[in-house]
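Chain residues, written in single-letter form:
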Amino acid sequence: MTEALAPKLILLAPEMILFVAAVLVAIMGLSKNHGVRASLPFVTCVALIASIVAVGLTWTPENAQAANLLLPMLGRFVKPLIAGIGVLLVLVSVGSVDRRMEEGVARGRFAFDPQRVVRGEFYAFFLLSLTGAMLICNAQDLIWLFLAIELVSLPTYIMVAIGGSGSRNQEAAVKYFFLGAMSTAVFLYGFALIYGSTGSLAFLEIRDAFATQSAGSGIDTIAIIGIVLVVLGFCFKITAVPMHFYAPDVYEGAPTHVSAFLAFVPKTAGFTALILILTCVGWTGHTLIDSDGVRIPYSGLPTSISAILWMIAVLTMTLGNIGALLQTSVKRMLAYSSVAHSGYLILGLIAGATAGIEAVYFYLLAYGVMTTASFAVLASIERRGEEINSFADLAGLRVRHPVMAWMLALSAASLVGLPPFIGFFGKIYLFIAAFEADQFGLVLFAVLNSAISGLYYLRLAIVPLVSAPSARSEEITSLPTRWPYIAAVICGVGTIVLPVVAGMLIDSAKKSASPAAPLSTAIELPTHSAPEPGEGSTVLGAR
Amino acid sequence: MTAAGSIPQAVIAPELAWVGLAILLPLLSAILCALCAALRVKSKLPALITTVALAGSCFVIVKAYFAYSGPVEVPIFQWITFEWGDGKFQSFTADCALYIDSLTLYWMLFVTGLGTLITIYASEYMEEDCGKGYSRFFFGMSIFLFSMGALVMGDNLVMLYLGWEGVGLASYLLVGYYYERPSAVEAAKKAFIMNRIGDLGLALGIFMLWCNYGTLQYGELFAAMKDGGQTSVDWDLSVIPFLLMIGAFGKSAQIPLFTWLPDAMEGPTPVSALIHAATMVTAGVFLIARMYPFFELHPQALATVAWVGGSTALVAATIGMAQYDFKRVFAYSTISQLGYMFLGLGVGTTFGACYHTLTHAFFKALLFLTAGAIMHGFAGQLDLRKLSGLRQMPGWRIVSWTMLVGCLWLSAFPYTAAFFSKDAILFKALTSERGDFRFLGWVGLATAGLTAYYTFRVWFRICAGPVHYEAGPESHDQSHDQSHDQSHDKGKPDPTPEGESHGAFHPHAPRWAINGVLVILAIGAVVVGFPAYGHVFAHKENWVQAMMASSSAYQGACLESDHGTGAAVHTQTVLGLDPHTGLTIVGSTASIGGILIAWYFHLYSRKSADQLRAALLRRWWIRWVPICMENRWYVDEIYLACFRLPMWIGAQILNFGDRHFLDGVLVDGLAKFPIAVGKVFRPLYSGALQSYAITMTGGVALVLAWVTWIWLRGFN
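These protein sequences, in sequence, are chains L and A.
The first sequence lines up with residues 1 to 543 when you count with our numbering.
The second sequence lines up with residues 1 to 716 when you count with our numbering.
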């Protein structure tokens, strides 16, 4: 490869920081000193903040152009988004990992045993997973994308298992692992088919190949099936139909702070990967030139792909929202809500570049803040040393923990999409993007679904605020550490404060979605009589 | 006309972003006060924070005033942006940015200055609430100044609307400050709802502006109007000034939306002084001055403003004459004076209106603060029949004499600042070419006489005459200041039952914070007269006029009497004299006459006032006048019958339908549907790993089968 290595490496600075921090954290976790072990989350936070700074310093338009990426400015928004929500997720997890162990050591019930502690590993995996999510933005080819996605997923399987202390964690981890492996197989097969059809692994070449194909008789059927498999495989990451079945079980079984992680990080990774693949397929902004020399701007997905996305969106929203209605467990309800929100997000994918992409990222930001708020509230309180799970536990929360009750209400209001919360603005941008793409029916469907979602989100607000405290909820205490509480307050307040700067955020999201590296190619449409794709029909520098 | 031909084009000046501190500091102070409330701070810390923040904000504005050289737009950050195309009407932008011209600075100077002074006053006034509502109070004050700043300094109508609603919210919170008192809650609700009616007009006006001009930024709007102050026959253009004016009438308590302001006196007095006298209620005047070019879209728009202003001035003055609660007298006088300002705007002198706003802000804040000091010292006594001779009581001299200053200014005593500002308005009205404006001018003159009468009725009753006082209600029911008396009369038993409280009750005189602020305000009331003195005696250009002339309100900035240039314009005369001389004579007569009548009835022979009232009530053909005046012309009752009652009945009917039909049949029925659907899918979520794997694989297979089917059908 003749491209310069330096700009690529510079762009990887944030990942390097996180990787070094991961190693550091893994070693520090073995320290005998309690203070050092207690400092792990904060080391993690510092590393994440440093990586945000590094993105700001290194991800300049010049460097991004030099790195020859498909969506050059993607990382400038997505990496800080991942790291920023990551900081909040770290705060949510403070005090939960290794809690039994640490309490035992502190009371002197048993001696510190480096073989039994997992805190170091947990935060190391935490950082590695985020590193993977960030690496997706730098992906140039399918191999890199595959490795990055797996780097996101593999640590999460372990985090589910070791993040808490319940026996259900292992069950959830095993389910998550096996089903995750299956989904990986699905999209890997898709990658293989795409490679088979285009003969290339690099995104830019795949993009040109697809453009050439569609200028001819349309994209290869083999490639279409490959793309469909990739989309379905990624549906696992974003908890979309038909790969969403694991979500309720895993979210419920995982420790609350890991559930929060699962709700945001794999979803963001999955959507970023989907956006990269779909950009290759249809959002290239090629110009087609027909036989009369007329320029036709060409963009948009092949009908079959957008039809499948359409179906997935509708089913995902509907099954997510209807499933959530029946739940008595808050975490299961939030899992279904995660499914439903993925359904809304797919609207952005159907709307396409660039309004759709910017709406997707803005919504991911909004969703990250509001869902983390809910999970953080659940993580900040406990009942008899056990996690909060059912709605009955939350009844009358306001009496003992008024702030938490209000934060739950704020996040619920935002999740429904009530103005003036951030969720409302997220939905507005998504729906407008879809509307602009003439998807009126889909928007109507999404609005109906939002209305249905009000039924169960309002329960999340009303049960803590209005219901009378029950015998169960009387036993609720807050965790010894205040950090999840603080994270909940930050997120809850964020749902109201962020809309103030919504314009600024959507603007930077827009920059991240800004068109792929400017195309120097325009593709001549072959005459109707001779559909011969690939044969000298690509005119370089036609402009 | 010597006014400049158009509104000066604003230049973009990002380097002036520090002026944004004038808004940011009150916001910071609001956040800190909220923290104080959360941490249950028991000291005077919130007052200190607010004072420092507001003084800082005031300093920033003064600095900006000296750095000012022409209208500027200061971008701060992008706030709301929607784009759905490249065309003119295909984007909606509302940035967080400042529009600073001389009108902005003029307004902010007195808003922040008075805000600082009144906060200092309030730090003493509210001290009984230390640890209870103290932080909440200063939170409200900070939020108010933040919103007022956004209203005045914002670069577009969205920010103005944000500030407009923000001041409404602050007003609601502060009027309802004593939320244990049902009357305060009632008043807060009333103020809020009446304002909402006005706000609806404002919002519709803003929508119409956007629909017609595609922008809400002042710079672009004024540029669109530059082609000339054209009138329009299109209803969608000519409706704009009327909609905006409804908003202004609501906020500035004009007919028909004025009834909330007297009730708003339920709030603590510093609030009445700052929000309901000096600053917030002038937002309507600001709105019209800011959007002045748009008020020429319809030829009758300004005339409507003039008529509403003139009649409000008269009606409020007649009500003020017959009230016994002196804080309410001042409240009605505020409405009446605001009426003058609208009259000024309507007849075409923004200079007069804005100058009167400035002088009024000082003397009315002063009057309210003296009223507050008296209330504070006499345990909430507000009845002017139960207080007398304050002038001769030790510790009350400063209050009495500063109140005299306020009263002289309010009654436009010759050669006080208010005399000139009111003169500017009446002059313009009386020399107008329109007969109805001249008539309104005479109404204004008559109102000036009434004003002088009811103002000095208060002063002669309370401050002059023999010493006599009764304690107010709060010394008994201890509604909000339980520790009040204990803290000042240590060890003494609570005052004995009503009536004979004279012996046990000790009024406590104000201390430095209150007295100091009163003196500063009295000096300020004198100082704001300087521009006029300079104009009249030294023939210098009036500073206020210069400020107006370089702003959006330039069209009415000019006094047509500019010596030398405008002499030929004088076709109108007042009582056959040169309008200047004539107006000076008539205005002075009205003012001094009113004071003399007040002196006769309320100091020289207080009995005769009651005799006069009794005499009026005895005669059937005149008895309706005092009855209507005392009962506020039954406006509240009319509103109750015309609006509240029908709406209450409608609400009951809808409530019935909602419960039994919508809720019972439709909602409950519909809600069952998704749940039933959910139950259908439940078996898929069995919890077993294998079944999940099978379901997922099945899903993938189904999708692939579908794709293959599409492919076979030949679609792509």
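No wet-lab data here; the hints were simulated from the structure.
Please note that a few of the clues may not be correct.
Said to hold, decoys possible - Covered by chain L, per the in silico footprint, the following chain A stretches (three or more residues, Cβ under 8 Å): (1) 238-246; (2) 275-286; (3) 676-684.
Unchecked claim - Some residues of chain L that are not near chain A, with every Cβ distance over 10 Å (derived): (4) V20; (5) G84; (6) D141; (7) L151; (8) S183; (9) F191; (10) F391; (11) R398; (12) L479; (13) I496; (14) K511.
Backbone N, C-alpha and C fix where the C-beta goes; we use that ideal spot for every residue, glycine too.
Verification of the hints:
Note: the region 238-246 of chain A has 0 residues with beta-carbon separation from chain L under 8 Å; the three-residue rule is not met and the coverage is violated. Counting residues of the region 275-286 of chain A whose C-beta lies closer than 8 Å to any C-beta of chain L gives 0; at least three are required, and the coverage claim is violated. A stretch counts as covered by a chain when three or more of its residues have a beta carbon under 8 Å from one of that chain; for the region 676-684 of chain A and chain L the count is 6, and the coverage holds. Even its closest Cβ contact with chain A, about 34 Å, leaves L/V20 beyond 10 Å, as expected for a residue assigned away from the interface.
The non-interface label for L/G84 is consistent with chain A: the shortest C-beta to C-beta separation is roughly 18 Å, beyond 10 Å. Non-interface call for L/D141 relative to chain A: holds, since the shortest CB-CB distance, roughly 24 Å, exceeds 10 Å. With 10 Å as the threshold on Cβ separation, the claim that L/L151 sits away from chain A holds: the shortest Cβ distance comes to roughly 22 Å. A Cβ of chain A approaches the Cβ of L/S183 within 10 Å, the least distance being about 8 Å, so the stated non-interface status is violated.
Remark: the non-interface label on L/F191 is consistent with the geometry, its nearest Cβ contact in chain A lying 15 Å away (cut-off 10 Å). Its beta-carbon lying about 15 Å from the closest one in chain A, L/F391 satisfies the requirement of being farther than 10 Å from that chain. For L/R398, the non-interface assignment is confirmed: its Cβ lies about 16 Å from the closest Cβ of chain A, beyond the 10 Å cut-off. In this structure L/L479 is separated from chain A by more than 10 Å, as the shortest Cβ-Cβ distance comes to about 21 Å.
No beta-carbon of chain A is positioned within 10 Å of the beta-carbon of L/I496; the least distance is around 13 Å. Taking the minimum C-beta to C-beta distance to chain A, about 12 Å, the non-interface status of L/K511 holds against the 10 Å cut.
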